[in-house]
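Number of protein chains: 2
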Amino acid sequence: MADYHVSKPHRMARVGHWDIETDVAVIGFGAAGACASLEAARSGASVVLFEAGAGSGGASALSGGEIYLGGGGGTPVQKAAGFEDSTEDLYQYLMMMGGPDADAAKVRRYADNSLAHYEWLVAQGIPYKGTYLPGKLVEPETDDTLILCGSEYAWPFNTRAKPVPRGHVIQFKGWGGGRLMMDIFEQRVREAGVDVRCSSRVLCLIADDDNTVHGLVVRIDGVERFVRARKGVILCAGGFVMNRDMVRRHAPLLLRSEDPIGATDDGSGILMGTSVGADTIHMDEYFCSVPWYPPESLVKGIFVNEQGQRFINEDGYHGRVMNMAFRQPGSKVYLLADNAIFGRPMEICRADVAAAGDTWAEVEQELGMGAGSLTATVDVYNRHAAEGCDPLFHKEAEWLKPLTEGPFAAIEFRAGYSFYAHFTLGGLNTLPSGEVLDRIGQPIAGLYAAGRTTCGLPRWGLGYSSGTSLADCTFFGRQAGASAAKRQA
Amino acid sequence: MADYHVSKPHRMARVGHWDIETDVAVIGFGAAGACASLEAARSGASVVLFEAGAGSGGASALSGGEIYLGGGGGTPVQKAAGFEDSTEDLYQYLMMMGGPDADAAKVRRYADNSLAHYEWLVAQGIPYKGTYLPGKLVEPETDDTLILCGSEYAWPFNTRAKPVPRGHVIQFKGWGGGRLMMDIFEQRVREAGVDVRCSSRVLCLIADDDNTVHGLVVRIDGVERFVRARKGVILCAGGFVMNRDMVRRHAPLLLRSEDPIGATDDGSGILMGTSVGADTIHMDEYFCSVPWYPPESLVKGIFVNEQGQRFINEDGYHGRVMNMAFRQPGSKVYLLADNAIFGRPMEICRADVAAAGDTWAEVEQELGMGAGSLTATVDVYNRHAAEGCDPLFHKEAEWLKPLTEGPFAAIEFRAGYSFYAHFTLGGLNTLPSGEVLDRIGQPIAGLYAAGRTTCGLPRWGLGYSSGTSLADCTFFGRQAGASAAKRQA
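Line order of the protein sequences matches chains A and B.
Using our numbering, you'd call the opening residue of the first sequence number 545 and step up by one each time.
Using our numbering, you'd call the opening residue of the second sequence number 545 and step up by one each time.
It cannot be assumed that every hint is accurate.
In this list, chains with the same sequence are indistinguishable; a pair is considered to hold if it fits within one copy or across any two.
[Unchecked claim] Listed below are the simulated DSS-like cross-link pairs for lysine-lysine, each with C-alpha atoms no more than 30 Å apart in a straight line:
#, residue 1, residue 2
1, K876, K945
2, K876, K706
3, K844, K876
4, K706, K673
5, K945, K673
6, K844, K945
7, K1030, K876
Since the hints were made in silico from the structure, they are not lab data.
With the hints as constraints, model all of the structure from the sequences given.
Structure, rendered in structure tokens:
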């Protein structure tokens, strides 16, 4: 039996026969693969979709089914809730969210077409009730469908883009609407005539000596099958968070957490891409968060590191705050709360009260911090909070309150213990069309990719906002499907 | 004319003739390439060394010619200065220096052979006077040859490895001994019969369809020449700091500084490696520093970020302190000094006094910091410094002094203005033998690499110590040369 490996393309010259022939082959049945398949099939291409797992879903099914949408005056959901949104504000926010190497071409394409993408999602059957659930929350416990899911209202984001909620959550009571979203996508995919092959592990790409991609080798029922994809292969196989060896080589700090969020995100999509010369970028970036609110009152608390210092404005998205927390010197951070705002974070967080006292000095001592360190931080914070400002980190006035009503508590979040859920943001460099670029910056013929196999809209851990990964998966999945279908091979 | 690119190997089938035939071809005439050539030639191989620049040197010639050496009881230089050093302490220090994904195999090989490597360097003619110049300094202004060049005596390094100076500087009066070191290496290289071709830009590797490397295409006097390397090609072409597009894709924060340290470090070595399937690791890591001491008295000062907070023990290596400074929120950090310790950093730093006052409160106000923020930091520091301890960051007692003697000053270091010299640490994943690994973890036949084209001993910005890059270049350059020479192709 031949020795196949995702990192080595099988060469065309060694292919004796084709077991399956199709126009487009899609690898991975998460949101990106589903949307890529749909667009390709509806463009008239025959499509075979291979999924290593037993059914559809991927990491998308583990999500809340929240998609970051807006612009163009506002989606019907935003408008129904009384919000106006502009394409330029959406563009500016996404550029800030993308960090120091935001992809202006992708952000532009997305911002200009976000409203149309909303209509497309609705046309697929994704239900939106159109009601807004205000407040700082992770996913709605209700079936409301618009939430605030990023750092829009927080400094520095609010200085460059008018803030507005953009988290469009599928109508579903409670957490976990991503599964319902994938069920709906699956129905559409099957109706569109896509040939779905689950429990089918793709082993490697098939490429000629110039790395033009012609198909793939897949193992189905224990047998290697040769698949010809006349127009192209689309990699939608997720990121690499479950491949802990790759994590060690690219983002080793993440090994301190045992809570990767992934399905079959084993890096195979990225490795198949690099096997034919694709470029990888920002492999060190990741989403990493403990959902420390609700209760929302805790946002009025302050986070400090082991040195007793604050490190960020606490009113940003939890993923921004905790990404910064994860990078602090030492392994622990503490959320300081007085009696007026105290509440317990969700049990899932594994965040316990590490110290309590009638004065902050007692808390400081119980935490073993240098005398005067924590108390100085609280004193400075309280002094300015009383005047409605935060000169250090620019937390907004509505979240500022002196922490003066004892007893006082420090809630501990520790890397290696608390629920630092994480997934990777680095991956293949692609065009907005989904074409995969080689290291010269040229598209690799016959190869497309979308979702977390690529480095997409979200690519900077400190900017990540909820729903931007699914926005990227669904929208750029569609672009990749349409591009592949129209390719003249 | 054929269209060559470093990221695409020229395929064997398209090679019509060979212009040059050799056993081993080395790309790059810095320290790594020189040492690789020497070992290969002395092992009996014919060697051609290609250098894109007009002469030998590379980034190595821009350095101080400082090599990190020790272990085995101590080098003669260490012993002459009264220091004992153990192989295990050297091993432990280098493992900490390598950060969360330190390469234990390389560190073990280096620690066990560092003493022998010292003897080898001496045998090449590198002069060491054998005198120790104590203190916190960057390079000696004198011709002394042993200095402290890392964070050995600072927390947390001193908790796991007995500290000792290991910076072996070539005997040379003043800064810049790297040029002399390269002149000596060049003499040895020419004596060994290596065929040196300067002003010769390697365009791409030549490989067969399985990516076994057989040679390279080089442009000499405007003409493309086909070079057969029967035993192997050794990539010693430096890192990618001068390729600002690659920097943007892998370490975008560095674009805030216009002070890359590099010669022809354009990433071409790394790209030639990946063109035949090599793996790259830790591409986001870098050395980045402003040499803020001397004057040594400033080490008794404290660094604060724009929030007025300390962020590290200031008694570590300047490259560790400033790497952390570069990552702080905002673009500026301030070094706080009282009248007793004040001195001006070297002019090269571009670090000016941003504020001064008779009280720290005046300094705080002049810097526009929140009232009470900077003063709280100084108060807490002073309170503990008076007792000889630093509970926040564990600065050693000898550098602790309350900053109480006015007038007081804040010296500003700003990204985008100050001299944040930097170079890249990520690169090809290699074995201690110099063999380049593909993404499966298998050696690529016929391909070797050393120096900053690889991810070597130094691979973590917060651990970097001076002399570890040249240690890596010279020692693992030798390993690569010996490995290539003995390969049976």
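Hint by hint, here is what the structure shows:
In this assembly of identical chains, the alpha carbons of K876 and K945 lie at most 30 Å apart whether taken from the same copy (24 Å) or from different copies (28 Å). In the homo-oligomer, the alpha carbons of K876 and K706 lie at most 30 Å apart only across protomers (27 Å), although the nearest pairing inside one protomer, at 34 Å, exceeds that limit. In this assembly of identical chains, the alpha carbons of K844 and K876 lie at most 30 Å apart whether taken from the same copy (20 Å) or from different copies (28 Å). Proximity of K706 and K673 under a CA criterion of 30 Å is satisfied intra-copy only: 24 Å inside one chain copy versus 65 Å between copies.
With identical chains, the CA atoms of K945 and K673 are never at most 30 Å apart, being 35 Å at best within one copy and 64 Å at best between copies. Taking identical chains as interchangeable, the C-alpha atoms of K844 and K945 lie at most 30 Å apart only when both belong to the same chain, with a minimum of 6 Å there against 36 Å between chains. Taking the closest pair of Cα atoms, K1030 and K876 never come within 30 Å of each other, the shortest separation being 52 Å inside a single copy and 51 Å across copies.
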